[in-house]
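Protein chains in written order, with this note's numbering: chain S, 22 to 415; chain E, 22 to 415.
Rather than coming from a laboratory, the hints here were simulated on the basis of the structure. Do not take every clue at face value.
Identical copies carry no separate label here, and so any pair may be met within one copy or between two of them.
Claimed, not checked - Think about it this way: if two alpha-carbon atoms lie no more than 25 Å apart in a straight line, the pair counts; the simulated PhoX-like pairs of lysine-lysine are: (1) Lys230 <-> Lys80; (2) Lys45 <-> Lys304; (3) Lys45 <-> Lys144; (4) Lys144 <-> Lys108; (5) Lys108 <-> Lys360; (6) Lys45 <-> Lys82; (7) Lys40 <-> Lys374; (8) Lys184 <-> Lys28; (9) Lys82 <-> Lys360.
There are 2 protein chains.
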Amino acid sequence: MFTAIPKGFRLAVASAGFKTPGRKDLALAVSDSSASAAGVFTTNLFKAAPVLVGQDIVKRKQSARAVLINTGQANACTGSQGLANCKRAAALTALAAGLEAHDILPASTGVIGAQFSMSLWEKAVPALAANLGTATLEDFASAIMTTDSFPKYAGERLDFNGKSVLLAGVAKGAGMICPNMATMLSMLLCDAFVAPEDWQAMFRRAVDKTFNRATVDGDTSTNDTLYGLANGASGVTVTGRDLEVLEAALTRVLADLAYKLVRDGEGATKVMHIAVTGAPSDKDAEIAARTVGHSPLVKTAMYGKDANWGRIVCALGRSGVHFNPEEVRVALCGVELFKNGQPTDLDFDALLKEPLEQRDLPLDISLGTGPGAYSLLASDLTHEYVSINADYRS
Amino acid sequence: MFTAIPKGFRLAVASAGFKTPGRKDLALAVSDSSASAAGVFTTNLFKAAPVLVGQDIVKRKQSARAVLINTGQANACTGSQGLANCKRAAALTALAAGLEAHDILPASTGVIGAQFSMSLWEKAVPALAANLGTATLEDFASAIMTTDSFPKYAGERLDFNGKSVLLAGVAKGAGMICPNMATMLSMLLCDAFVAPEDWQAMFRRAVDKTFNRATVDGDTSTNDTLYGLANGASGVTVTGRDLEVLEAALTRVLADLAYKLVRDGEGATKVMHIAVTGAPSDKDAEIAARTVGHSPLVKTAMYGKDANWGRIVCALGRSGVHFNPEEVRVALCGVELFKNGQPTDLDFDALLKEPLEQRDLPLDISLGTGPGAYSLLASDLTHEYVSINADYRS
Chain S
22 MFTAIPKGFR
32 LAVASAGFKT
42 PGRKDLALAV
52 SDSSASAAGV
62 FTTNLFKAAP
72 VLVGQDIVKR
82 KQSARAVLIN
92 TGQANACTGS
102 QGLANCKRAA
112 ALTALAAGLE
122 AHDILPASTG
132 VIGAQFSMSL
142 WEKAVPALAA
152 NLGTATLEDF
162 ASAIMTTDSF
172 PKYAGERLDF
182 NGKSVLLAGV
192 AKGAGMICPN
202 MATMLSMLLC
212 DAFVAPEDWQ
222 AMFRRAVDKT
232 FNRATVDGDT
242 STNDTLYGLA
252 NGASGVTVTG
262 RDLEVLEAAL
272 TRVLADLAYK
282 LVRDGEGATK
292 VMHIAVTGAP
302 SDKDAEIAAR
312 TVGHSPLVKT
322 AMYGKDANWG
332 RIVCALGRSG
342 VHFNPEEVRV
352 ALCGVELFKN
362 GQPTDLDFDA
372 LLKEPLEQRD
382 LPLDISLGTG
392 PGAYSLLASD
402 LTHEYVSINA
412 DYRS
Chain E
22 MFTAIPKGFR
32 LAVASAGFKT
42 PGRKDLALAV
52 SDSSASAAGV
62 FTTNLFKAAP
72 VLVGQDIVKR
82 KQSARAVLIN
92 TGQANACTGS
102 QGLANCKRAA
112 ALTALAAGLE
122 AHDILPASTG
132 VIGAQFSMSL
142 WEKAVPALAA
152 NLGTATLEDF
162 ASAIMTTDSF
172 PKYAGERLDF
182 NGKSVLLAGV
192 AKGAGMICPN
202 MATMLSMLLC
212 DAFVAPEDWQ
222 AMFRRAVDKT
232 FNRATVDGDT
242 STNDTLYGLA
252 NGASGVTVTG
262 RDLEVLEAAL
272 TRVLADLAYK
282 LVRDGEGATK
292 VMHIAVTGAP
302 SDKDAEIAAR
312 TVGHSPLVKT
322 AMYGKDANWG
332 RIVCALGRSG
342 VHFNPEEVRV
352 ALCGVELFKN
362 GQPTDLDFDA
372 LLKEPLEQRD
382 LPLDISLGTG
392 PGAYSLLASD
402 LTHEYVSINA
412 DYRS
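Bound conformation, chain S alone (with noise of 0.2 Å):
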C-alpha cells in the first residue's frame, strides 16, 4: 500500500468529540508554503457551509495551504450561523498552526441541520495544530472515516527527468451518497508545482472518468467535496506534455480511490463493473448504465448471486435510451446471458456459479451499433444497507 507523504505537506490529526467521544474526528493537512488549489463540490442545490466556503477561496484565489475536515457535523442546512460557524473553525485553526484562515479549505461529514459545537472546536483546535506532521496517510484517511468500514488512500511516485513527484490522496464516504454521515470527501495532495489552471482542470475531467462514474445509492450529498493541492515542494513544475502524465496518474489514483468507495459502500458485497457500448452517444451509454446500476432489482440480483438477466434487460428497456432490442447483448462474468431478443442457451447457473461467488462483476453490455461508451462501477443492495440507514439515527 502507497504510504508516503508528498514533500512539503504535515497531517495532523485529533480528537474534538463531535459524536463519538475519544475517536479522531479532525483532520488537517497543511502546505510548508501556498500551493495551487482544485476543488470539485456537490451538484446539490442545497451546499453545506463548508461548500460555500471552499468554493470561494479555489475559485477566489485558485491557491491555498491547507485542507481542514471534521466528522460527526456536517453543517449542512445551517443558514447563515453555519456559515459564521465554518470561517470561525478557520480562524481558530489558523491561529493555531499559524496560517491565514483564508488559506484553508474546509470540507465536513456528519448530521445535517445541527450547528457546530464551538466549544468542542475550541478546544481540539490547539492539539490539532500541535500534531502537525505526526500522522500518516493512513492516520488521515482513518478520522475522516464516518460509515465507512476501511480507512481509503492510494498514490503514485512519478519520476519527471529523474526527479520524484509524489500524488498522494484520501476518501471517505461509503459511496457517492447522502445519508447524514456518508458524505463522500476526498483530498488529494502533490509535491510538483502545477499552474492553478492545469491542476484544475486535469482534477474535473479526472473526477469525471472516476469518482462520477462511481454510485452506491444514487444520492448526492449536501456536502460531497474533492480538494486538490499541487505545493511544488519536489522542485518540480509540470507542464506541456508532463501534464499528461502527471493527469494520468492523478486518473488512476481516483479510480483506485473510487474503487475503494464503492467496495465500501454501505453494505455493499459485490462491484459491479458496468460498460456499456454500442449505444447512439456517451450520454445514452451513461443513462443506460445508471439505470442498470440504480435498479434495486440488478442489484438485489448480485447480492442474491442471481444471474437475473431479465431484471438487467429489463432496467435497459425502461431506462429511456432509443436502441432495437433485438441488438442487444448483455454478457455477465464474460458469460453471454442475452442477444437476439432472447436469453442464450446456455446453462447460466452452472457457468455463474463460481464468478458469482466473487466480489468483482464485470458486466457488458452492447446496446447496438452506436458511437456511445460508459463504465460505471456500482454496489449491490443488501440486508445490511437497510440495516444502516434505516437504523442509522437511533
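Add chain E to chain S, keeping to what the hints say.
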C-alpha cells in the same frame, strides 16, 4: 368490500401448474357480447408477447370479448416462438369457450425468458372454460397474484337516471415494478356502453392520475398491462356530461387499486403520500416527487420511522429541479420540519413518534411559489424487500 361483477361478464379461474402445482394460475373474464376495449401497456422497449398481441387487438379492433391472464410464465423475451405460443394459448381458450382468438386480450406474468409449456395450457383450458361464471372478483384477483400478499379488487355502483351501472376492477403486482414475477396487471370491467374512443381516452387520463403516480422501486416491467372492457349489458349508454361522472368513478377505482399495490409493495410497511407544490412546472414537481420517492435513503428512513428531513431535502437538492433552497418547506405527517433553509425549532422526534408508527405518511413539500404540483404514492425500502428480491429465483 365491493364484490359485484358487472352485468354480462362471467369469470373463471383454473390451475395449469405453470409454476406451483395446484395453485390457481389462470384467470378468464368473458363478456357475453362484444365490449369496447381499452388498453394501457408498459413503456418498456422489451415488450412481452402478450403485450404485443393485446396492443394490436386494442389498436386494430377497439373491441374485445375476453381477458385471459396467466401467472408463472411471463412470455417475455421469448422471440417469435413466444408470439406464436401466445396466439396459440388464445386459440385454445377461444375453442374451449366459444370465442374468437382475436377477441381475447392476453396478459402474462412470471419468469422472463422461458417459453410457455403448451401441454399445460392444453390440459388446463377446458377446465377454465367450464368454470366460467363460477369465480368471484376475489377469486379472479387471487388467481393473478404472484408476490402479492393479498388480492386487490375494487369497484363502484353508479346511477345514471335511475339505471344502475357497475364498474369493477382487479389488479396484481407488488408495485409498478419489474422483478421476474411482480409485473403490474389490471383489468376493469364495466356494464355500461361507452364508445371506444371515449373509453380509451378516460383510461389514459385516469391511469395518469393513479397507477402512474404509484411507485415501489421505480422499475417498469416488460409485461405491465391494464385492460378495460365496457359491454353495455346494463342497458346504459354513457355519453356527454355523464362521461365525466364515469371517468371520476373510474379514477377512484383505479386510485383504490393503485393504493393497494403500493401498500402491498414488496416488503413494504409504509405508504408515503408525497405531494409537491410550488414547483416551476408540473413536470418539475413530478421529478422532485419521484426523486424523493425513489431515494433509497428516504425509503429506508421511513422504514426506520426516522423523521430524517435531511435525506428529503438532500434528494430535492439533487433532483435537477431548479428552486431556491431558502423557499423550500417540508412537512411530514403535518409537522413542519424544514423552512428558510434550515430545520424548524420543533421537537420532531417527539411530535412524530406516534405518526411514524402509522402505515400512511403524508409528506408535503413546497418548492416555492410556482404553479407546478404533483402527487405520488411510494413505499418504503425494507429488509423484506431485499430478501424477496435477493432470494427470488432460489
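Enumerated hints in conflict with the structure, sorted upward: Result: hints 2, 6, 9 break, sorted rising.
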